[in-house]
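Respectively, the protein sequence lines represent chains A and B. In terms of numbering that gives the first Met the number 0, the first sequence has 438 at position 439, counting the first letter as 1, and numbering is strictly consecutive. In terms of numbering that gives the first Met the number 0, the second sequence has 164 at position 165, counting the first letter as 1, and numbering is strictly consecutive.
No lab work stands behind these hints: they were computed from the structure. Among the hints, erroneous ones may be present.
Derived pair list, reagent style EDC-like, types lysine to aspartate or glutamate, alpha-carbon separation capped at 16 Å [as the list claims (entries may be wrong)]:
(1) A:K275 - B:E46
(2) A:K83 - B:E226
(3) A:K195 - A:D249
(4) B:K186 - B:D175
(5) A:K419 - A:E208
(6) A:K353 - A:E290
Restraint-style ranges between C-beta atoms, simulated for each label pair [as the list claims (entries may be wrong)]:
(7) A:Q346 - B:E67: 28 to 34 Å
(8) A:K103 - B:W59: 44 to 50 Å
(9) A:Y310 - B:F32: 50 to 56 Å
One-sided and incomplete, this derived list gives chain A residues near chain B with beta-carbon spacing under 10 Å [as the list claims (entries may be wrong)]:
(10) R95
(11) A101
(12) P289
(13) R292
Note that CB positions come from ideal geometry on N, CA and C, so glycine has one too.
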Amino acid sequence: MASSDDPSRREGRYDRRELIRRAGVGAASVGFAPSFYGPLRFKDRWLKGDLSLITWAHFVPAFDVWLDKTWAVQWGQKNDVDVKVDHILNTLLTARSQAEAAAKNGHDIFFNLSPQPQFEDDVINHNEIVQEVTRKVGKIGRIAHKASYNPRTKKYFGFSDNFVPDPVIWRHDLWNGIGLSPNTWDSVRKAAPKLKAIGHPIGIGQSAELDSNMALCSFLMCFGVFIQDEKHRVTIKSKRAVEALKFMADIYQRGETDEIFGWDPAGNNNFVYSGKGSMIFNAISATRTPEDRGLPFANDLWIWPIPRGPYGRMGYQHVMGSWWIWKFANNKAAAKKFLADLEINYQDAFMASKFYNFPSFPGAMSFSRIRKAVATDRHRPIGKYGVLTTIAQKYTTNPGHPGYANAAFGEMFNKFIIPKMFAQVSQKKMTAQEAVNAADREIKAIYRKWRALKKI
Amino acid sequence: MESFGRALREKGLAYLIVGPFAIVLAFPFYVMFITAFKNQTEFYNPEVTPYWFGKDSPTWANATFLFENTQYPRWLANTAIVGLCVVAITLVLALPAGYALARLAGRVGQSLGVGIFLTYLVPPTLLFIPLFWVITQVNLQNSIWSLVLVYPSFTVPFSTWLLMGFFKTIPKELEDAALVDGASRIKTLTRVVFPISLPGILTVVIFSFSLVVNEFVYAFTFISPSENKMVSTGVYTDLIRGDLPEWGAIMVAALIPSIPLALLYNMFLDRFIAGFTGGAFR
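Whenever a hint applies, use it, and build me the whole structure from the sequences.
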């Protein structure tokens, strides 16, 4: 029996009884600690489950604070689930998702900035979530439906909670100085050399990155060129496409600089922030940052819809928010409820994102309510964000329009075939016809592969 | 006087050649330093960027942001822990392997050495998906120990190859003398071979640690919670928000670990060069 003055105890060694006694005290401490040191993790109960999700580091830091520390925590308390949110840079999401799909292990819920239909076989059918949200707030929006549903397999391969309108952002002071505005693509073509001459070129990216991809696909649609038709047949090879490429090459050669070929998604933002750029395609991150940092030209940054082309005015969204739940997810029930509740209560997300994230279900926050909320913004020119609702309602469509955002389109998009096609012509490495032919061949091969897999 | 003039001419010529190289190589560090202490509104002012401060700089704001709003201290600690563990594992495995290949296996050793080195050349971009699967099987995802497990896969082959060359430069007669005097093989290694090989060992330590600090693909794939990230991934994934890089904080974050590494390289530069060139002619 060890006594209190036993030398072995002084040396930190215990006999079996003492060890059991101490272990008992330790266990009791752990068990009763919450009673003395505060409440359990959530009021009156331990959590029943865990839920892990990974998403991008949102350009509005306040949105991540809201998601991580308000929404996820409150939702977790209400549903008895411990929600863990991880954030990574958006350009790394694709590689991470590929690794998780291959290993069949990772987060329960994954987010990316564009639809990822190539994972259709690795994810659950999200139809149940869509139905639940539809019951609460009304039908899914056309854009979100076509960006997350596969009509061939009748499966929602993702769940879109938001999309981000993609306006043209331009320096009113500079354009005013040359007496033009970016209302039409012809105006842009006329203005480009003049703006370059005064040291403020325009910046439409032709690089292997998301912003260039979105802008150039949108540009093609204004010229009546679509990658695919309603039946998902490749339709890029056309005279209109050749004309569009020549048009953009002319804009580059007379009104842009070669930095547009090396941009990443932040490239066009920095171009504007430096005070050099006079026009870019971007979400409102490009106006919010100058406002937040008090850059001298912040009040001269105007937001307009995409310029009108010979076949109208139509663009992709800047971001097509797409969540999915892996088949290997540990807590599918919680994951489904999390996404459904997020969308049902999307007005908070919209405000936290500073008008960046528009709800994919129009009933979650109606356009009239969005318009009212946007009107409260006091940045100059007053009311400049009001046009976002018009862009979202009238001039925005889904990737893959007029068809669906299917797996073949997704692969084409992820391989940046369209920016590559434009750059080849702008840099005079190919003629417009050769570049269209090359792109057509490459895209058709991708479509053949996915057709053989019965995904389109 | 004449000899002084000649020395000046010779040294002057050397500085004339080395000077421009030094300026070009030091320029990124200069920009990093300036940007680290620059007011963030000045990043976008071409008149003062990147060469000098504007009127609102220098400032501690970027460093304050880094330390108060991110997990940067944790990233530093994680990097140090993983680095030290990987260096230890690398030494434990590469020292005997390099010695064995250099001394005991003859021509077979040469071929094996080349074979081991070739495994170093397989890029992580090919391996990260299968290795991610392995990491999930051993339940180490989102843990820094996953990196301790995987990093030796590229530090050990290179270090083995490097040490193999270095051990070959040590005269075998020294070991024979020790063996004749009654020392065991292990004692010969610890008392004779390893002390002489210090430049090679130091090279392995510094080089392995540098590889760990710089590695990105595995660190990014295996770990997603912010608090468990390494410096290389934390800076890139947490300090760029969408399309908005926090330039100032990024530069502070890059500057801090680069200072001790630069000092380390400079302190042991001669030995480092000796380590790399040790086996060059054998």
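Violated constraints from the hint list, given by number and in increasing order: Hint check: nothing fails, all pass.
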